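Use the sequences and the hints to build the structure in full.
If you're matching them up, the sequences are chains V and Y in order.
Going by the numbering used here, the first sequence opens with residue 92, and the numbers climb by one from there.
Going by the numbering used here, the second sequence opens with residue 47, and the numbers climb by one from there.
The reader is advised that the hints may include incorrect statements.
What the hints assert, rightly or not - Straight-line alpha carbon distances no greater than 30 Å define the calculated DSS-like cross-link-like pairs of lysine-lysine that follow:
(1) Y:K332 <-> Y:K509
(2) Y:K430 <-> V:K152
(3) V:K152 <-> Y:K509
(4) V:K97 <-> Y:K464
(5) Y:K353 <-> Y:K464
(6) Y:K353 <-> Y:K315
(7) Y:K353 <-> Y:K532
(8) Y:K353 <-> Y:K430
(9) Y:K130 <-> Y:K315
(10) Y:K307 <-> Y:K509
(11) Y:K130 <-> V:K152
(12) Y:K65 <-> Y:K315
Source of the hints: derived by calculation from the structure; they are not laboratory data.
Given the structure is predicted, the values throughout are model-derived calculations rather than measurements.
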Amino acid sequence: MSVDRKTVLRVARLARIALEENRIDPMVMELNTILGWVEQLQEVDVSEIAPLTSVVAQRLKMREDEVTAGGDAAAITANAPLVEDHFYVVPKVVE
Amino acid sequence: MTDLTSLTLADARTALLEKRFSSMELTGALLSAIEAARPLNAFVTQTPERALAMAAESDARLARGEARSLEGLPLAIKDLFCTKGVRTTAGSRILETFVPPYESTVTQNLWDAGAVLLGKTNMDEFAMGSSNETSYFGPVANPWRADGSNQNLVPGGSSGGSASAVAADLCLAATGTDTGGSIRQPAAVTGTVGLKPTYGRCSRWGIIAFASSLDQAGPMTKTVRDAAILLRHMASIDPLDSTSVDVPVPNYEDIVDAGVKGLRIGIPKEYRVDGAPPEIDALWQKGADWLRAQGAEIVEISLPFTKYALPAYYIVAPAEASSNLARYDGVRYGHRARDVRDIGELYERSRGEGFGQEVRRRILIGTYVLSAGYYDAYYARAQKVRTLIARDFDAAFAHCDALLTPATPGPAFALGEKTQDPVSMYLNDIFTVTVNMAGLPALSVPAGLTMGGLPLGLQVIGKAFDEAMVLRIGRALELAAQFRVKPKAWWLS
Numbered sequence: 092m093s094v095d096r097k098t099v100l101r102v103a104r105l106a107r108i109a110l111e112e113n114r115i116d117p118m119v120m121e122l123n124t125i126l127g128w129v130e131q132l133q134e135v136d137v138s139e140i141a142p143l144t145s146v147v148a149q150r151l152k153m154r155e156d157e158v159t160a161g162g163d164a165a166a167i168t169a170n171a172p173l174v175e176d177h178f179y180v181v182p183k184v185v186e
Numbered sequence: 047m048t049d050l051t052s053l054t055l056a057d058a059r060t061a062l063l064e065k066r067f068s069s070m071e072l073t074g075a076l077l078s079a080i081e082a083a084r085p086l087n088a089f090v091t092q093t094p095e096r097a098l099a100m101a102a103e104s105d106a107r108l109a110r111g112e113a114r115s116l117e118g119l120p121l122a123i124k125d126l127f128c129t130k131g132v133r134t135t136a137g138s139r140i141l142e143t144f145v146p147p148y149e150s151t152v153t154q155n156l157w158d159a160g161a162v163l164l165g166k167t168n169m170d171e172f173a174m175g176s177s178n179e180t181s182y183f184g185p186v187a188n189p190w191r192a193d194g195s196n197q198n199l200v201p202g203g204s205s206g207g208s209a210s211a212v213a214a215d216l217c218l219a220a221t222g223t224d225t226g227g228s229i230r231q232p233a234a235v236t237g238t239v240g241l242k243p244t245y246g247r248c249s250r251w252g253i254i255a256f257a258s259s260l261d262q263a264g265p266m267t268k269t270v271r272d273a274a275i276l277l278r279h280m281a282s283i284d285p286l287d288s289t290s291v292d293v294p295v296p297n298y299e300d301i302v303d304a305g306v307k308g309l310r311i312g313i314p315k316e317y318r319v320d321g322a323p324p325e326i327d328a329l330w331q332k333g334a335d336w337l338r339a340q341g342a343e344i345v346e347i348s349l350p351f352t353k354y355a356l357p358a359y360y361i362v363a364p365a366e367a368s369s370n371l372a373r374y375d376g377v378r379y380g381h382r383a384r385d386v387r388d389i390g391e392l393y394e395r396s397r398g399e400g401f402g403q404e405v406r407r408r409i410l411i412g413t414y415v416l417s418a419g420y421y422d423a424y425y426a427r428a429q430k431v432r433t434l435i436a437r438d439f440d441a442a443f444a445h446c447d448a449l450l451t452p453a454t455p456g457p458a459f460a461l462g463e464k465t466q467d468p469v470s471m472y473l474n475d476i477f478t479v480t481v482n483m484a485g486l487p488a489l490s491v492p493a494g495l496t497m498g499g500l501p502l503g504l505q506v507i508g509k510a511f512d513e514a515m516v517l518r519i520g521r522a523l524e525l526a527a528q529f530r531v532k533p534k535a536w537w538l539s
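Next up, the structure:
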């Protein structure tokens, strides 16, 4: 499978990453190099194999459903580039 | 007192307890060494004031006879670990001004044991790279240069700043993280020791995520004993990380000198790759001979799916990265694009400007392999191949206690040598990545020099949660190799 310019632009849109015009063609080439290389996985017969979902045999732990942290809006928003009264500021979303 | 900087963690610990010098003196010597080593670019952020304050507190505790296990020992921390009140960048423009309001569990454990923070080390952006060249803060130079050459070489990656800092005696030891080889590969090419613990051994809480099913923190040190000391204090069972495993943390230091007599060491034949320099094979053979001479039995074993580990990794890791890095939106923290028309443009331009080439490439690959219609062909298949890789190791460990392999396919290379072709860069992790795919512990230990005078490492791979065995075998290799050479301090001239 290989990707073209249109696919790269679609994937970039899905990932919400702007690509400069002069980066699109090189990106097509680089992605095709990588996808061409991983193509060798097609040789492996995986028809009877279950996917690996956890490398360590352990049951996920349970805990009480309770509030353990939070309530510090100032610390949480301290790194935001644009804040007003502990609210994140974004461009208008609903007209 | 410049020789203070060349001390091991173990020796400095003893000397501080015997009051031969103070933590202030030791910390001061290392801060001067860091300042003088700016050409290496090993640090993104230096924290001299905090370091001296922590050292002063340690000296007070030492004076009162209340020393904790790492009291007054100065460390460098990879800039992927969140440190409360100290900028943490992950080597990325998108986090250039990020100051975490909380501390990672691993670093908190170290401070609770009395360690001193010297600064945050440079790294490949979001830990994606094998040469430290993808950092927004510029590449790191390897303290090692080939004999008679003044060309800068890469320190490996992604924990390149930590490796360079340990090799150049800018800290007693450092932390790293390893997703596909990012501790062991830089350790190998800088003549230092690097240990990737079993997945779940160290908490991932507060470590900026790259690929969550593969990421693991570990120590980067001058000796195997130091790795044992540091791992014990990095590791913990953490309620804040649900994948942190409930297995008690042993005192690894008690076991490092147990020797290898009677152990069975497996040599996986699939790790002999075409085109690898003959020096790599020769060193591997030497390593096996050293262990045999100390009473171990060497057995040939097979890991038939080895060659598929790297391509499977380059589906799994970017897929997880594309999901983890979705959080950088220019709204809650990090770089935000200016003069945007709408929210869509805010996201796309903030991320486009904030992420470098390699990170963008991996996010796009990850998004593609997870997208509708491709999931089964790529991601599901890669996760099945991963099962086969894990089974390979299970089968091998039925016949031996641990495995011995080369750590890297070659020594440090020149800046810019492999940046044009992503796949040639990825191949640096060919011997290390299998271990991450199976979640196992592995250690890289310096074992010799190339003809050109550059360090090479050997890798010991163990069973899950058998770091003690890995350290023991690593110590036996270290004893036999007698690797005592240090790089010439060219950066001082």
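Holds or violated: are the alpha carbons of Y:K353 and Y:K315 at most 30 Å from each other? The hint holds at about 12 Å.
Verify the proposed pairing of Y:K353 with Y:K430, using a straight-line Cα cut of 30 Å. The given pair, whose Cα atoms are some 14 Å apart, holds under the 30 Å limit.
Compare the distance between the alpha carbons of Y:K353 and Y:K532 with 30 Å, and conclude whether the hinted pair is satisfied. Distance ~34 Å between Y:K353 and Y:K532 Cα, so the pair is violated.
30 Å limit on alpha-carbon distance, applied to hinted pair V:K152 and Y:K509: holds (23 Å)
For the pair supplied as a hint, Y:K65 and Y:K315, confirm whether the alpha-carbon distance does not exceed 30 Å. violated (51 Å)
With the threshold set at 30 Å, check whether the alpha-carbon distance from Y:K430 to V:K152 stays at or below it. holds (25 Å)
Given the hint that Y:K332 pairs with Y:K509, test it: the Cα-Cα distance must not exceed 30 Å. Roughly 23 Å separates the two Cα atoms, so the pair holds.
With a cut-off of 30 Å on the C-alpha distance, tell me whether Y:K353 and Y:K464 pass. Distance ~21 Å between Y:K353 and Y:K464 Cα, so the pair holds.
Within a Cα-Cα threshold of 30 Å, do Y:K130 and V:K152 meet the stated pairing? At roughly 27 Å apart (the allowed maximum being 30 Å), V:K152 and Y:K130 satisfy the hint.
Straight-line alpha-carbon gap Y:K307 to Y:K509, limit 30 Å: holds (18 Å)
Please verify whether V:K97 and Y:K464 have alpha carbons no more than 30 Å apart. holds (28 Å)
Given the hint that Y:K130 pairs with Y:K315, does the C-alpha gap stay at or below 30 Å? Measuring from Cα to Cα gives roughly 46 Å; hence the hint is violated.
Checked against the numbered hints listed earlier, the structure breaks hints 7, 9, 12; every other hint is satisfied.
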